[in-house]
Structures are given as C-alpha cells and as structure tokens.
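Colleague: Produce the entire structure from the sequences given, and follow the hints as far as they go.
At position 224 of the sequence shown (counting the first as 1) the number is 300 in my numbering, and the numbers step up by one without a gap.
If you are wondering where the hints come from, they were derived from the structure by calculation, not from laboratory data.
Small disclaimer: the values here were computed from a predicted structure and weren't measured.
Positions of the beta carbon are idealized from the N, C-alpha and C atoms, including for glycine.
Incorrect hints may have been included.
[As the list claims (entries may be wrong)] Below, computed lysine-lysine pairings styled on BS3-like, alpha-carbon distance capped at 27 Å:
#: 1; residue 1: Lys363; residue 2: Lys254
#: 2; residue 1: Lys332; residue 2: Lys181
#: 3; residue 1: Lys214; residue 2: Lys332
#: 4; residue 1: Lys162; residue 2: Lys214
#: 5; residue 1: Lys214; residue 2: Lys200
#: 6; residue 1: Lys363; residue 2: Lys206
#: 7; residue 1: Lys181; residue 2: Lys364
[Said to hold, decoys possible] Cβ-Cβ distance ranges computed for the label pairs, FRET-style:
#: 8; residue 1: Asp166; residue 2: Gly297; range: 12 to 22 Å
#: 9; residue 1: Glu365; residue 2: Arg170; range: 12 to 22 Å
#: 10; residue 1: Ile360; residue 2: Pro261; range: 32 to 42 Å
#: 11; residue 1: Ile258; residue 2: Ile359; range: 23 to 33 Å
#: 12; residue 1: Ile362; residue 2: Pro261; range: 27 to 37 Å
#: 13; residue 1: Thr150; residue 2: Ala253; range: 43 to 53 Å
#: 14; residue 1: Gly338; residue 2: Gly378; range: 44 to 54 Å
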Amino acid sequence: MSLQHLPVGGIDRNSLDRPCISQLLEEANSEPCVLLADLDHAALWKDLLDSDHPRRNEKTGTPSWISHELASPTAVPHYFPGGVLKRLRDILVRFQNNKDHCFFKAAFPSHDVQGVSFLANFEKVLVMEKARADIDNKHYDAKTNPATAHLPRHDCESFYWILLYHLARAFAQAPNAKSVSIPPPPPVSKDTAQDQLEAFATAMLDHRIGIENGRVPYLLGFDFQAQVLDLPLQHCAPLLQAMAAYLCIPWHLYEKGPNDEGEGFVELNHVHRAFRRLILLEIIEIKKEHPTAPNVRFSTAGPRRLRP
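Modeller: Following this line, the structure appears as structure tokens:
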C-alpha cells in the first residue's frame, strides 16, 4: 500500500507498532513507499513454540509461488550450489557491518534479543554449513523434509518467487525517456532475452505441485535471476540472489519448532529477519548521495509481454 494514500489521521498507531513503518509514516513529505507488511505479520506466530500448539500439517499455497519443500512429495537433495557459502559469508558481513546504521537500529533495536541472537545464530549456522560440505559429515547429503509442517520460512520462499516473477515481468523505462502507455509487443525474430523470459514464465505458470524441475533452477542457479530481468533492472539481481542463497540452507537441521529433533537453536522467524535486512540494505544503497542502484521507473500499463 502507498503511504501517501493512508488515512494517517485515522490510523491506530498501536497496530502499526513497527519502528521501520513508524519512521516512514512520520515522513509527511516522503514519496509513496510500498510496505511489505506480510513479512512482519507472517512472522508473528508467537505460539508456534508452545508445547500445546497444534502442528500445522496442512500445506497450502498457490502453485506458482509455493515453497518447493512443501510442494515436493519426495525428499529433494540440498546440494551446494556453486559459491553459495561465499555468498552467505558476504551476506553475514554486510549484516554485521550495517548493524549500527540508523535504519537497522530503527528496525532492529539493540534491546531486541532476537535481533542480537539472529546474527550469532547465522554465524553459527555458516560454520556448521562449512563443516557439512565435508563428505564425511553426517548431513553431507541432507535433503528437504517432505513431512515438514508449514513454517514461516515457506512463506518467505513464496515471497521470493512472487518478487522474482514480478520483477522479471516488470517493464522498466529509462529515467529520461518519454513515458510509454503500453509495453511494446514481444519481438517476432529470435531474441535471447525474450526467450529467457518466456522460459521462466512457462516454468512458473505451468508449475504443478510435486514437479519441481522447472522452477528449482531459478532458486539454486545464481546466474538465472539476472537472465530473466529487463536490462534496466539488472541491479535487482544481487538482492534476489542473496535471498535465494539464504533459502538454500537446509534450515530444518537448525530450526526450533515442529521439525526439531533436539538440535534446533534458530528461531522460526529468522528468514523474515534476513529478508528485512536485505531489503533495508537496498534502501540504504539508494539513499546514498551517489547510489550504485539507479532509480528505475516502471510502466503501470502492463508487464513485459509474452509471445502468444
């Protein structure tokens, strides 16, 4: 929702008690911003760890967006995509280097115990993942858990799929170009970018629950995200790649909750916290005096078009 269109005078601010949201609401002259509110609300399952909380065995989701772990009836290997540990280490370093930034302090106050433990747990998991790369490690060939309960991280993976698909379909326009009311038709002749977009759209729109081969490369293949984006949106690829890298970890080995076999230590809302941090890093970048990420305009008339 756009902050310019919120009836601020009638808002119950207690229901919007999120430091990052409050900060935006208090900027009366700010440009419209999109609030990814579901990232917060889906994480607020405070009773998940209660001993009397019923296990959520019903797995729900839209075919295009559902988590591949929830969608697959069989165990899927958690192999190591090329360079994933290096990517994860770089993400941790960025989180650590920016923990004192005013945006991070507003979103993750120093008294927030979970915020402090998040970084410590992430670092601990990376040490364990590095050890898991050893062929003699008992979890070397870890697989997804088909019997998993429906967990918050599965909703975050759905968010990743939604973001990737809609950024791929987004029709971007050059900063000083005349506004285009209708996106142009797709090229008739062979066009590599169009072919890659259509292959991705087919994988997403034709996805059937339980058949994951079409979608998974766009999660585990770190060169695929950039290939499906329009040229002016290539700067969005690192964010998508970072989200995918975080999701690559076999989190059922490390999480508390319904799947815990006695070794879990990571809170169930950790992926929400990671994604919020990654998005904040993007906001920090575009707020710089000389940002490396351009301010891209979009056509609101429609997405990049597919061939009939």
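Colleague: With reference to the structure, classify each hint as holding or not holding.
Modeller: Hints and how they fare:
1. Distance check on the hinted pair: Lys363 and Lys254 sit about 25 Å apart at the alpha-carbon level, within 27 Å; holds.
2. Straight-line distance between C-alpha atoms of Lys332 and Lys181 comes to about 26 Å, which keeps the hinted pair within the 27 Å bound.
3. Distance hint between Lys214 and Lys332 is fulfilled; the C-alpha atoms sit about 20 Å from each other, no more than 27 Å.
4. Using a Cα cut-off of 27 Å, the hinted pair Lys162 and Lys214 holds, with the two alpha carbons roughly 22 Å apart.
5. Between Lys214 and Lys200 the CA atoms are separated by roughly 17 Å; this keeps the pair inside 27 Å, and the hint holds.
6. For the proposed pair Lys363 and Lys206, the alpha carbon gap of about 35 Å is over 27 Å, so the pair is violated.
7. Simply put, Lys181 and Lys364 have alpha-carbon atoms about 17 Å apart, close enough for the 27 Å limit, and the pair holds.
8. Here the CB-CB span from Asp166 to Gly297 is close to 18 Å, well matched to the stated 12 to 22 Å.
9. Taking the beta carbon of each, Glu365 and Arg170 are about 19 Å apart, inside 12 to 22 Å as hinted.
10. The given range of 32 to 42 Å is respected by Ile360 and Pro261, whose C-beta atoms sit roughly 38 Å from each other.
11. The hint said 23 to 33 Å for the Cβ distance between Ile258 and Ile359, and at roughly 31 Å that hint holds.
12. At about 31 Å, the beta-carbon gap between Ile362 and Pro261 stays in the expected band of 27 to 37 Å.
13. A C-beta distance of roughly 48 Å is found between Thr150 and Ala253, which places it inside the suggested range of 43 to 53 Å.
14. For the pair Gly338 and Gly378, the beta carbons lie near 52 Å from each other, so the given range of 44 to 54 Å is met.
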